[in-house]
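Enquirer: Chain order of the listed sequences is A, B and C. Start counting the first sequence at 1; every next residue gets the next number (the UniProt record's numbering). Start counting the second sequence at 1; every next residue gets the next number (the UniProt record's numbering). Start counting the third sequence at 1; every next residue gets the next number (the UniProt record's numbering).
Just so you know, these hints were derived from the structure itself, not from any lab. Keep in mind it's a predicted model, so treat the numbers as computed, not measured. Each hint should be verified, as a subset may be incorrect.
[Unchecked claim] Here are the simulated EDC-like cross-link-like pairs (lysine to aspartate or glutamate), alpha carbons at most 20 Å apart as the crow flies:
#, chain 1, residue 1, chain 2, residue 2
1, A, 90, B, 9
2, B, 104, A, 42
3, C, 361, C, 177
4, C, 169, C, 293
5, A, 90, C, 293
6, C, 103, C, 117
7, C, 347, C, 293
8, C, 238, C, 293
9, C, 155, C, 67
[As the list claims (entries may be wrong)] Quick look at which bits of chain B chain A covers, simulated, 3 or more residues with Cβ under 8 Å:
#, segment
10, 9–18
11, 31–42
12, 64–75
13, 109–122
14, 125–134
15, 199–210
16, 253–262
[To be verified] The calculated label-pair distances, taken between Cβ atoms and stated as ranges, are:
#, chain 1, residue 1, chain 2, residue 2, range
17, B, 63, A, 33, 55 to 61 Å
18, B, 145, A, 3, 53 to 59 Å
19, B, 49, A, 35, 54 to 60 Å
For glycine and all other residues, C-beta sits at the position ideal for the given N, C-alpha and C.
So the chains spell out like this:
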Amino acid sequence: MSLRIYAIAYLIFLYAPIVLLPIFAFNDATIIAFPLSGFTTDWFTELASNKSLHAAVKNSLFIALVSAVTSTILGVCAARAGAMHRFRFKAGIMGFIMLPLVLPEIIVAVSLLVVVVQILDLGLSNWTIIAAHVLICTPFCIAILNGAFQNLDPAMEEAAMDLGESRFSAFRLVTLPLVMPGIISSMLIAFTISLDEFIIAFFLSGSSPTMPVYIWGLLRFPASLPVVMALGTILVALSIVLLTIAELLRRRGLARAGVKDEGGFL
Amino acid sequence: MLSKFLSSENGRGLLMVSPPFLYALLLMAFPLIAIFLFSFWTQDFMTLDTTFTLNNYREIAEKPIYGALLQRSLFVSASVTAVTVLLAFPVAYFLSFHVRPDRKSLWLFLITIPFWTSYLIRVFLWKVILGYNGVINTGLINVGLIDEPLTFILYNVNAVIITLAHAFAPFAILPIFVALEKIDRSLLEASQDLGESKFMTFMRITLPLAMPGVVGAVLIVFIPTIGDYVTPELMGGAGGKLIANMIQTQFLALNNAPLGAALAIVAMLCVTAISLTFVLINRRWLKGRS
Amino acid sequence: MTALITLTGVNKYYADYHALRDINLTINTGEFFSLLGPSGCGKTTLLRTIAGFESVSDGVVMIGGKDMADVPANLRPTNMVFQSYAIFPHLTVAENVAFGLRKSEDLDKPTKAKMVEEALTMVGLAGYGNRAAHALSGGQRQRVALARALILKPKVLLLDEPLSALDKKMREQMQVELIRLQRQVGITFILVTHDQEEALVMSDRIAVMFEGEIGQLADPETLYRRPNSRRVASFIGKMNFLDAEVKAVVEEIDVTVQGLGRLKISAEQAPEEVSVGPAVAGIRPETLGILFEGETTDRKLVDGVVDEVVYYGDMTYYDVRVDGVAQPLNIAMKNLIGRPVLDVGAKTRVIWDERSLVLLK
């Protein structure tokens, strides 16, 4: 019983900052502090008219979309190899691919910066950010897709081949439909990570900032803070929607494969 | 020969795993090697001198500021790790042992949601909570517990630790939860059947079997926190800056990328050495018990 | 009888593990053939080399007179029932059964539907076509797997431990149905199993495998009555082993058996390469007997003392200590009317007959 109380207190701790977001987003004051002064939707209106913000959001959406698709494709390769194949140095190779999960982001950022700017002598652009985001998203995609692939009976593809299908069409007709919910859920997660990522994007963005880099700039000007709150509220709502879809798909995937649900993401 | 290799189980597996492997090789391993080489070079404004030198490392060793920053960073990472893992363990235990199986994924979902919401804004909101006119201070003054706003909770190392502990919470809960879920419940019954109390069963069965999850949690929190510069920048004030802020400054403001690279290498080596020591001690401890 | 599958000198290595050792085997058209052995003996690997899921390291696999070396699994005239059944969970029962017909473009839709219904009827699942596959019971999954494979009219049906996931009652029912089905379709069945009773009940011939080798290949009766080695004898049914010494080999074999004395047995009770010297004799528990009070026998008798009694309801198994025999003799007795169950320590007389003795390698 006391454990339950503790767990609920912990949840409150987790949600404390997020709950404040909508409160200040609708608060009619430029200072982010209590007491509250009144209700307004001005900050949201201001969002709608901010051209440079729109450009940043567009950038971020493009980066997140490309990163999500690419890292999910790489994730499918790795998860499939991990779950359905035996090969030499398997543990080492899989560990190596998962390494970005524990690599400090600043290390990823500076090492890529050095390679791109100093060694390859290329300019920074959205593509440099995408390259880095794919690297850090892939382990998350693998973790999600592992769930989908490990629940898959390896005999399933063999059965399709035994019934006359080639290796590729066996994958297309049997494996792909069964892991599809996992694939979509992996893309949504990667999309969310990339959309939100700041540390790397700050180092690697070119002339056009991503949304988090733009927000970082806003945080320095007290006058723009309520707008940030409004933007944050929208982002949180969006993340919750995306994650709920990802979670529902993951569960449907498990139900379709006829296995018991044993946990959430990761 | 090639076709024979590709039709073998081994070959097909390697072919399948090669795209993500090559990607990690090209975009992680090579850049890490590059930055390592880079740390032995020097830069004067925009011109890069590629003669091998230990000057960057010498500077790091000689100027006390770097050592102090590194020490503080390691202290912060270690504190964040300790706080996060200690706070997370009971939650993971509750989830695994006391929540109905069909409710577990809902709880996990609730725990992971805050993690996926804008990191920058979340850090900033802690400023709102801990600030001079923040939620805690206004609340405490209104209740009458304090007269003056508390100042030790913002713009120092404490604020950095609280914020990071919040940011990494799910990272700590999930590995421990997975390890606890794997424990065969009949082992606990067997232990009690053999005469151990509930508490001793926890100490002798649950905790040792959960250790791999705890180790995973420690590593996945400790290592990445060293690379964070957002939280110290926003929450740390003048006295709460960490090594990552210095790396960022060297690269982006002072244009001394080689020194920044050397700092990054030193920080990485410290973190890796500490992590390996921790893993080895833990392994020895578990072995010593069994 | 014509040979359908021929394996010649087949070897399979995994890294440094020798999974199949020089397998030579011929399986005939229309035969119900079983690969029997303990887990890890290579029986499943052998089945999978026939199916085309494993390549052979060395040797030739021929099906219908054609070398299968370069023929992938999807082009071989074999179909398989997997141990896990591998029923596609995202498809209906009918879609599962029709899966292999996708490439048969000469068949129109109604024909295919008719074939599916026929196949389902054959396995006793008529009308189940629209069910979701993941909602089926174990026995039903197995039937779908059978229908799915048989609809393609393969030359060979491969069954990988198909009954191991079923409970005892269901297993016995499916054994009978599989035999009936095999007679009906006339296709060669190759069954992999670790259950000796299952193999004896169902097969025309059985290959018993140990550590990647075929230990004995024979029909069920020969395998049971005349096992060629101690490991085959102890894997199939129960067997008492007695030290023996072959004195002479003429037309008959002159042999001394521990506890039973000197006797003569026919040549077919011994391996072909039998020679003078130490040997092991085997005798099955049910070919021994206990002489109860009031019963008579014209067979040979030896004195013993009951050492252990295990009561099974229809049968009682006795361990009886006999002078000169190291291990007590295991004896199976039917619990007929009027027969008491003896107590441990009871003095008794053991009935035996040299015709049930077998000499082992």
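Enquirer: Take the hints in turn and mark each one as holding or not.
Expert: Here's how the hints hold up against the structure:
1. Simply put, residue 90(A) and residue 9(B) have alpha-carbon atoms about 12 Å apart, close enough for the 20 Å limit, and the pair holds.
2. Taking the CA atoms of residue 104(B) and residue 42(A), the gap is near 40 Å; set against the 20 Å cutoff, the hint is violated.
3. For the given pair, residue 361(C) sits about 37 Å from residue 177(C) by alpha-carbon distance, which is inconsistent with the 20 Å threshold.
4. A distance of roughly 38 Å separates the Cα atoms of residue 169(C) and residue 293(C); the hinted pair therefore is violated under the 20 Å criterion.
5. For the suggested pair residue 90(A) and residue 293(C), the alpha carbons sit about 69 Å apart, so the restraint of at most 20 Å is broken.
6. Distance restraint check for residue 103(C) and residue 117(C): the Cα-Cα separation of roughly 19 Å lies within the 20 Å cut-off, and the hinted pair is therefore satisfied.
7. With a C-alpha separation of about 12 Å, the suggested pair residue 347(C) and residue 293(C) falls inside the 20 Å cut-off, and the hint holds.
8. Annotation: proposed proximity of residue 238(C) to residue 293(C) is violated, straight-line Cα distance about 26 Å (limit 20 Å).
9. Between residue 155(C) and residue 67(C) the CA atoms are separated by roughly 15 Å; this keeps the pair inside 20 Å, and the hint holds.
10. Counting residues of the segment 9–18 of chain B whose CB falls under 8 Å from any CB of chain A gives 9; the rule of at least 3 is met.
11. Counting residues of the segment 31–42 of chain B whose C-beta lies closer than 8 Å to any C-beta of chain A gives 5; at least three are required, and the coverage claim holds.
12. Coverage of the segment 64–75 of chain B by chain A is violated in this model, with 0 residues showing a Cβ closer than 8 Å to a Cβ of that chain against a need of three.
13. Residue count for the segment 109–122 of chain B with a Cβ under 8 Å from a Cβ of chain A: 13. That meets the three needed, and the coverage hint holds.
14. For the segment 125–134 of chain B, the stated coverage by chain A holds: 7 residues have a C-beta nearer than 8 Å to a C-beta of that chain, and at least 3 were required.
15. Counting residues of the segment 199–210 of chain B whose beta carbon lies closer than 8 Å to any beta carbon of chain A gives 0, which falls below the threshold of three, so the coverage claim is violated.
16. Counting residues of the segment 253–262 of chain B whose CB falls under 8 Å from any CB of chain A gives 3; the rule of at least 3 is met.
17. For residue 63(B) paired with residue 33(A), a C-beta distance near 39 Å fails the hint of 55 to 61 Å.
18. One distance hint, 53 to 59 Å for the beta-carbon pair residue 145(B) and residue 3(A), is violated here, with the actual separation near 28 Å.
19. For residue 49(B) paired with residue 35(A), a C-beta distance near 58 Å keeps the hint of 54 to 60 Å intact.
This entry does not satisfy hints 2, 3, 4, 5, 8, 12, 15, 17 and 18, going by the numbered hints stated previously.
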